[in-house]
Amino acid sequence: MRLTKTLTLLLGGAALLASAAASGAQGSYTIGVSNTVQGNGWREEMVCAIKAQALASGKVAKLNIAHRNTDAAGQSEDIRNLISAKVNAIVVNPADPAGIKDALAEATKAGIVVVAVDQAVTEPSAYIISNNQEQYAYLGAKWLFEQIGGKGSVVYMRGAAGASADSDRDKGFKKALAEFPDVKVAQEVFTGWQQDQGKQQILDYIATGVPFDGIWTSGIDNVIVDALVESQSTLVPVVGADNAGFVGQLNSVEGLKGAAVTNPGSIGGAGVTLALQILDGQKPAQQTVLVEPSLWENVTDAGKEQLKAAADPSLSPEWPVSISIPDWTTYTKEQIVACKGPGE
Amino acid sequence: MSRFLRNNGWVTGLFALLILLFIATKIIQPSYGQGDFTSLVRAVLPYAFAVAAQTVVVIAGGIDLSVAAMMALTSVTAASMMAGASEEYALFVVPFVLAMGLVLGAINGILIVVSRVPDIVVTLATLFILQGAALLVLDAPGGGAAEWLRGLILGTLPIPGLPESITGWIPNALVLLVVALCTVWIPLRRSRLGLSIYAIGSSDLAAFRSGVPVARTKIIAYALAGLFGAMGGLSLTMSTGIGAPIPGPYLLASVAAVVLGGVALGGGRGGLLGPIVAVFVLRLVRTDLTLLAIDPNVTAIVEGSIMVAVVMFGAYITMRSRSS
Numbered sequence: 100m101r102l103t104k105t106l107t108l109l110l111g112g113a114a115l116l117a118s119a120a121a122s123g124a125q126g127s128y129t130i131g132v133s134n135t136v137q138g139n140g141w142r143e144e145m146v147c148a149i150k151a152q153a154l155a156s157g158k159v160a161k162l163n164i165a166h167r168n169t170d171a172a173g174q175s176e177d178i179r180n181l182i183s184a185k186v187n188a189i190v191v192n193p194a195d196p197a198g199i200k201d202a203l204a205e206a207t208k209a210g211i212v213v214v215a216v217d218q219a220v221t222e223p224s225a226y227i228i229s230n231n232q233e234q235y236a237y238l239g240a241k242w243l244f245e246q247i248g249g250k251g252s253v254v255y256m257r258g259a260a261g262a263s264a265d266s267d268r269d270k271g272f273k274k275a276l277a278e279f280p281d282v283k284v285a286q287e288v289f290t291g292w293q294q295d296q297g298k299q300q301i302l303d304y305i306a307t308g309v310p311f312d313g314i315w316t317s318g319i320d321n322v323i324v325d326a327l328v329e330s331q332s333t334l335v336p337v338v339g340a341d342n343a344g345f346v347g348q349l350n351s352v353e354g355l356k357g358a359a360v361t362n363p364g365s366i367g368g369a370g371v372t373l374a375l376q377i378l379d380g381q382k383p384a385q386q387t388v389l390v391e392p393s394l395w396e397n398v399t400d401a402g403k404e405q406l407k408a409a410a411d412p413s414l415s416p417e418w419p420v421s422i423s424i425p426d427w428t429t430y431t432k433e434q435i436v437a438c439k440g441p442g443e
Numbered sequence: 202m203s204r205f206l207r208n209n210g211w212v213t214g215l216f217a218l219l220i221l222l223f224i225a226t227k228i229i230q231p232s233y234g235q236g237d238f239t240s241l242v243r244a245v246l247p248y249a250f251a252v253a254a255q256t257v258v259v260i261a262g263g264i265d266l267s268v269a270a271m272m273a274l275t276s277v278t279a280a281s282m283m284a285g286a287s288e289e290y291a292l293f294v295v296p297f298v299l300a301m302g303l304v305l306g307a308i309n310g311i312l313i314v315v316s317r318v319p320d321i322v323v324t325l326a327t328l329f330i331l332q333g334a335a336l337l338v339l340d341a342p343g344g345g346a347a348e349w350l351r352g353l354i355l356g357t358l359p360i361p362g363l364p365e366s367i368t369g370w371i372p373n374a375l376v377l378l379v380v381a382l383c384t385v386w387i388p389l390r391r392s393r394l395g396l397s398i399y400a401i402g403s404s405d406l407a408a409f410r411s412g413v414p415v416a417r418t419k420i421i422a423y424a425l426a427g428l429f430g431a432m433g434g435l436s437l438t439m440s441t442g443i444g445a446p447i448p449g450p451y452l453l454a455s456v457a458a459v460v461l462g463g464v465a466l467g468g469g470r471g472g473l474l475g476p477i478v479a480v481f482v483l484r485l486v487r488t489d490l491t492l493l494a495i496d497p498n499v500t501a502i503v504e505g506s507i508m509v510a511v512v513m514f515g516a517y518i519t520m521r522s523r524s525s
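Sequence order for the protein chains is A and B. Note that this note's numbering gives residue 188 to position 89 of the first sequence, counting from 1, and the numbers run on in steps of one. Note that this note's numbering gives residue 334 to position 133 of the second sequence, counting from 1, and the numbers run on in steps of one.
It is possible that some hints are incorrect.
[Said to hold, decoys possible] Simulated pairs of lysine to aspartate or glutamate, EDC-like, Cα-Cα distance not exceeding 20 Å:
hint, chain 1, residue 1, chain 2, residue 2
1, A, LYS250, A, GLU287
2, A, LYS439, B, ASP237
3, A, LYS250, A, ASP281
4, A, LYS274, A, GLU287
5, A, LYS185, B, ASP237
6, B, LYS227, B, ASP237
7, A, LYS273, B, ASP340
8, A, LYS208, B, ASP237
9, A, LYS270, A, GLU287
10, A, LYS270, B, ASP340
11, A, LYS185, B, ASP496
12, A, LYS274, B, ASP340
13, A, LYS356, A, ASP400
14, A, LYS283, A, ASP312
15, A, LYS274, A, ASP295
16, A, LYS356, A, ASP312
17, A, LYS298, A, GLU287
18, A, LYS241, A, ASP269
19, A, LYS274, A, ASP303
20, A, LYS241, A, GLU287
21, A, LYS273, A, GLU245
Hint data in this document are derived by calculation from the structure and do not stem from the laboratory.
Only chain A is shown next, with the shape it has when bound in the complex (with noise of 0.2 Å):
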């Protein structure tokens, strides 16, 4: 008896449910979202610019989005929950790029557009659009190792040990390191893209006294600016990402030399834009898509001229300053920072 009762609520609870979700459709596009690192600045800004980009289209009706710290099998399993929920198309950035593959091609099969954002994937059906995260740590390496003289010792400090950016960046730190032949790396460490980790590690090295001539992060930047001032250690030159708080730091840090590449986190709201153009039957000329880094330094003036008009005080130290790339993203910066998606 007492089963019964409880089963009819249950029962109730769940058609509850049910009925909450088809409420919000209006018709046109659901497009599901699948992420992997939660709790990281550039990622919640790639997620939001999803988000902004969704909203601002006009052209979904839901968005569907699986964000969950896991790895390559929880994000299969996020992506075939995805297609059970019949969305229309698919922005993933990949836990790895040969991982997820059958889970990718198995959602092509059910009729889905998948874009793979910020890292590129093995499966041929899918479309990708992506910073070139190469080209990225070739850039900020080859300005930092001209800026020391060519020659000298640098702190390498990566990101997250096996993510794939942090091996394609590691080609293009070794691409520049091999054309500076006195240039050599002092200490390689992982960061594993943690702020508390990263300025524990150059605190660390710096109390062993052992002198350096430049520091080389992947994006964990204004902890070791901050790091540098507060032990007092002389200023190197630092190169980083674009993120707010860095960008900063070099308007404003006396004597700081150094450098911001762009790697902007927007870059998932360019995947929704391909992927509705894809739905709307536009097909991109090619399945990957590259959106070049950009160097800001400030030696010169004109790299100063950069740095001051793409500075962002109002935005989280941690996101990324450009939160908006050309022809790929048409909202507005009230709509990134709200954070909101369609029907929120």
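Using the hints, position chain B against chain A.
Just chain B, lined up with the frame of chain A:
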């Protein structure tokens, strides 16, 4: 029948919950069917092996924090050995990796028994060691897997004489899971060794006084956990076709499913079926949350709340039935 229900009340309750969830899923997404169920089982696989590993150790009165790292190490080992190798070579890789898990698990057990350092400390240390070793084997995700091995978890099992509408609900991944777990668990449960594992989990002093070789049993329990961990690592390589050196979210998930599955964290009580059903419940909840497009920052809270609610509800029922 009523005796079976009384003895297996928790598992029966979990099954009921699972069936309710399937009904709810069907209401949320009327097209939910055979293909989606196959996807669910493939998602369950690595979690199921992780939870099997944790279950054996918890029943023996310990805890294994190195489960996820063990899976990562065995997965990258399998993937790097199979990369570019012939299909037949995988016939050697599979038993090699399973043996490796067994040995590494046994080392966990030996360290605990010999050093007398608590399980939680030793396995925390091995977590870091195995994680580092995984990065030595492959510093970035890569490697490969034999096609026949990957095929084992694809599609469904055709049974002659049965129509597609029934066999469509028997994914090969489920068959593999059941066969792999039963091959180890059923003989174990029926043997003296199995009884000893429960005995040392209940009270190692009482077990010792009854003539149970406590140290040996504990080492074997950890070795079996290593074996299940290696199966989990292989299942990761099978489902992704690569090995990834950074451990996935399997450690906490394994502890969660053990608790939800009715295994006492103090040891000595519970079985394997409960935790496995619990894994299905947890994965299906994740599916439903995705189908409902719930705000992703809320889903983790929902998953956690459901777990606490179920465990508390179970404890309440157990207390009531005891007092009556």
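Here is how each hint holds up against the structure:
1. Restraint check for LYS250/A and GLU287/A: the C-alpha separation of about 17 Å stays at or below 20 Å, so the hint holds.
2. A threshold of 20 Å between alpha carbons decides the hint, and for LYS439/A with ASP237/B the separation of about 30 Å lies outside it, so the pair is violated.
3. A threshold of 20 Å between alpha carbons decides the hint, and for LYS250/A with ASP281/A the separation of about 5 Å falls inside it, so the pair holds.
4. Taking the CA atoms of LYS274/A and GLU287/A, the gap is near 16 Å; set against the 20 Å cutoff, the hint holds.
5. For the proposed pair LYS185/A and ASP237/B, the alpha carbon gap of about 11 Å is at most 20 Å, so the pair holds.
6. With a C-alpha separation of about 11 Å, the suggested pairing of LYS227/B with ASP237/B holds against the 20 Å cut-off.
7. Between LYS273/A and ASP340/B the CA atoms are separated by roughly 16 Å; this keeps the pair inside 20 Å, and the hint holds.
8. Between LYS208/A and ASP237/B the CA atoms are separated by roughly 14 Å; this keeps the pair inside 20 Å, and the hint holds.
9. Between LYS270/A and GLU287/A, the direct Cα distance comes to roughly 14 Å. Compliance with the 20 Å bound is thereby established for this hinted pair.
10. At roughly 14 Å between alpha-carbon atoms, LYS270/A and ASP340/B fall within 20 Å of each other, so this suggested pair holds.
11. Restraint check: the Cα-Cα separation between LYS185/A and ASP496/B comes to about 18 Å, which is no more than 20 Å; the hinted pair holds.
12. The hinted pair formed by LYS274/A and ASP340/B meets the criterion: a straight-line CA distance of about 19 Å does not exceed 20 Å.
13. For the hint linking LYS356/A to ASP400/A, the alpha-carbon distance of about 13 Å falls within 20 Å, and the restraint holds.
14. With a CA separation close to 10 Å, the supplied pair LYS283/A and ASP312/A stays within the 20 Å bound.
15. Only pairs whose Cα atoms come within 20 Å are accepted, and LYS274/A paired with ASP295/A is rejected, the gap being roughly 29 Å.
16. Using a Cα cut-off of 20 Å, the hinted pair LYS356/A and ASP312/A holds, with the two alpha carbons roughly 12 Å apart.
17. This hinted pair checks out: LYS298/A and GLU287/A have alpha carbons roughly 14 Å apart, not beyond 20 Å.
18. Proposed proximity of LYS241/A and ASP269/A is supported: the alpha carbons are some 13 Å apart, at most 20 Å.
19. For the given pair, LYS274/A sits about 28 Å from ASP303/A by alpha-carbon distance, which is inconsistent with the 20 Å threshold.
20. Restraint check for LYS241/A and GLU287/A: the C-alpha separation of about 17 Å stays at or below 20 Å, so the hint holds.
21. With a CA separation close to 15 Å, the supplied pair LYS273/A and GLU245/A stays within the 20 Å bound.
Hint compliance for this structure: hints 2, 15 and 19 are broken, all remaining hints hold.
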